[in-house]
Amino acid sequence: MSWTIPRYRGLWRFRAPLTSGEIRRTERWLATARVALTIAALVTLWMEPTRAVVFSRWLYWLLTVYLAHAVVVMLLVRFRQRSTRAFRLVVHGADILWPVLISMFTTSERGPFFLFFVFVMAAAAYRWGLWETVGTAVAAVVLLWGEALAVNAGLGQAADAWLRSVHLPWLGMSVREIDSQQLFMSSVYLMVLGLLLGYMSENEKKLRAERVVVTRVLSSARVEAGLTHTMQEILGEVLSLYGARRVLSASQEANSYRVFLAEVNRSAEGAHALRWRDALPDTQAAYLFDSLADAFYAERGSKGFSTVLLDRRGMRMRDGDTAFLDVLGRVEPFRSVGSVGFGFVREWAGRVFILDPEMMGDPEEELRFLQDFAQQVGPAVYNVYLMRRLRERAGALERARFARELHDGAIQSLIAVEMQLDVVRRQSGQQPVVTSELSRIQKLLREEVLKLRELMQAMKSFEVDAERLPGFVADTVERFRRETGISAEFVSEIEKVELPQKVCRELARIVQESLVNVRKHSGARHVLVRLAQRAGNLLLTVEDDGRGFPFSGRLSETELATSGRGPAVIRERVRLLAGELTIESNPGHGARLEVRIPPARQTNHG
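Residue 510 in the working numbering sits at position 410 of the sequence shown, with consecutive numbering throughout.
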């Protein structure tokens, strides 16, 4: 028996309290059982009135009164909209007193009315749990011993004498002999029965609460809500469930070096905003390590870690390598940590870490629940991920199809019209006004062709990782040079780029957006794009010799946001990268855009 279950059972009830409908159904079932048991006692007494029963008309009257009480309670719980706590306590108190009272008329502790003791303890177990059932057993034992002491003290004989004096039927307790040894054994039976029923009830309620928690979490896994919202609900539920300081999920896609970290932190407001980030290459092994332990719990002590390790079958491992705890502790400091692994059909694998849980029950049982939790919730999360990815791919295919249609249709038609206009313009050399107008229209057509090509590039879905980033930027700059006629150059001072894919993709978009702004607004003749490393920071610069921005000097990101200057789209992309944007402008002589990405970058994505 796990003695930690009662201590932490309030946690499960708080997370999965009984609804008013469940309470009403429970009281209805108990009321029906109470009526049936009382009728059965009356029938037994009528069939064998003298077996283990002291004959007395008071016994029939008491049974009749209790039957009426049981019927009234049954009617109340059937027609009342809700059952209050006070009502349940009063009914339960009457159920405790009744078997003690009726036992006065039995000549044996194993008489037919012992079932009423069983019923009241079963009712406590059904309504509440272990400690309430044990408390009911203790109350019944105390009342039984009090009754025995009263009878042995002669109170029964005194009551019979008084009833005779007023010409009422006597109780018959004067013939009752109290066997202390038999009473002691009955008390032991009651206590053991209370412990047994309470223990089974407590575990049943815990299992019910676990199912409720899993069901509640599964209901939040919706494709429409997205992966970020789904992960926020799941990790937030785990954080609240265990009162943890922080919950972290580390996951990695098969055949990919990227490790995604999703985390929620406990806040005073109770809101758990999820934050995504990429694990740095030198810290990935701290989160995803090779171990035979599928789930573990570790608590730091003066002499090291005390651990509980479970394999994939939920069996405890007596010996296991725990060197990974030191590595994890250097990256994510903790006093105690619980963790469980998960995997999705060999495409995704990862771990959930519960850092510094304050409401951790028996570690072995909690780890088994976490394993069950991961097995049931994992497929739902994977389904959300798959559906979102399928939708994104469908959208990318549709955008690619639309871009091809633009290229093969509208763009080719505009180019053909522009070429025809060029022919007409050359043939109308004798009419300067017509030639000038045709040149203006031809220029407009070229501008529209460039805009459509830029739109096509923006619509294309691309994946740029650290290895392909320099080549992608070089191709983008070369395409810009060919299509605009503006001299453009790309210089990379980094031998090997080591950046998460998310950062690479955003940097590529920043380069594209910067070149579009140069073409539209700067009137530059030369553009230089540079990728460099300075003091551990990644530095992306786009420099041109055009008109510059409508200010002179160097402005930081804060100054740009306050004054509303600078390209808003690029400012937003840099903010998502947790980077720093600086723009230096010299009106009439050009501008320099600088994006600085610190090593400890954190990005919000989902």
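Simulated from the structure, these hints should not be mistaken for laboratory data.
Note that the coordinates shown come from a computational prediction; the quantities given were computed from them, not determined experimentally.
Beta carbons: idealized from backbone N, C-alpha and C, even for Gly.
Among the hints, a few may not be true.
Restraint ranges, calculated between C-beta atoms of paired labels, are given here [unchecked claim]:
id: 1; residue 1: Glu589; residue 2: Ala635; range: 23 to 31 Å
id: 2; residue 1: Leu486; residue 2: Ile541; range: 35 to 43 Å
id: 3; residue 1: Met285; residue 2: Val171; range: 57 to 65 Å
id: 4; residue 1: Leu162; residue 2: Met285; range: 20 to 28 Å
id: 5; residue 1: Leu162; residue 2: Arg308; range: 34 to 42 Å
id: 6; residue 1: Ala133; residue 2: Thr383; range: 20 to 28 Å
id: 7; residue 1: Pro698; residue 2: Glu589; range: 24 to 32 Å
id: 8; residue 1: Ser402; residue 2: Ala635; range: 37 to 45 Å
id: 9; residue 1: Ser402; residue 2: Arg493; range: 51 to 59 Å
id: 10; residue 1: Pro381; residue 2: Ser539; range: 16 to 24 Å
id: 11; residue 1: Met291; residue 2: Trp146; range: 41 to 49 Å
id: 12; residue 1: Ser592; residue 2: Thr407; range: 45 to 53 Å
id: 13; residue 1: Arg582; residue 2: Leu380; range: 32 to 40 Å
id: 14; residue 1: Gly664; residue 2: His626; range: 54 to 62 Å
These are the hints, each one checked on the structure:
no.: 1; hint: Glu589 - Ala635: 23 to 31 Å; verdict: 24 Å, holds
no.: 2; hint: Leu486 - Ile541: 35 to 43 Å; verdict: 50 Å, violated
no.: 3; hint: Met285 - Val171: 57 to 65 Å; verdict: 34 Å, violated
no.: 4; hint: Leu162 - Met285: 20 to 28 Å; verdict: 25 Å, holds
no.: 5; hint: Leu162 - Arg308: 34 to 42 Å; verdict: 37 Å, holds
no.: 6; hint: Ala133 - Thr383: 20 to 28 Å; verdict: 60 Å, violated
no.: 7; hint: Pro698 - Glu589: 24 to 32 Å; verdict: 27 Å, holds
no.: 8; hint: Ser402 - Ala635: 37 to 45 Å; verdict: 41 Å, holds
no.: 9; hint: Ser402 - Arg493: 51 to 59 Å; verdict: 54 Å, holds
no.: 10; hint: Pro381 - Ser539: 16 to 24 Å; verdict: 55 Å, violated
no.: 11; hint: Met291 - Trp146: 41 to 49 Å; verdict: 32 Å, violated
no.: 12; hint: Ser592 - Thr407: 45 to 53 Å; verdict: 47 Å, holds
no.: 13; hint: Arg582 - Leu380: 32 to 40 Å; verdict: 38 Å, holds
no.: 14; hint: Gly664 - His626: 54 to 62 Å; verdict: 28 Å, violated
Taken one by one, the earlier hints fail for this structure at numbers 2, 3, 6, 10, 11 and 14, listed in ascending order.
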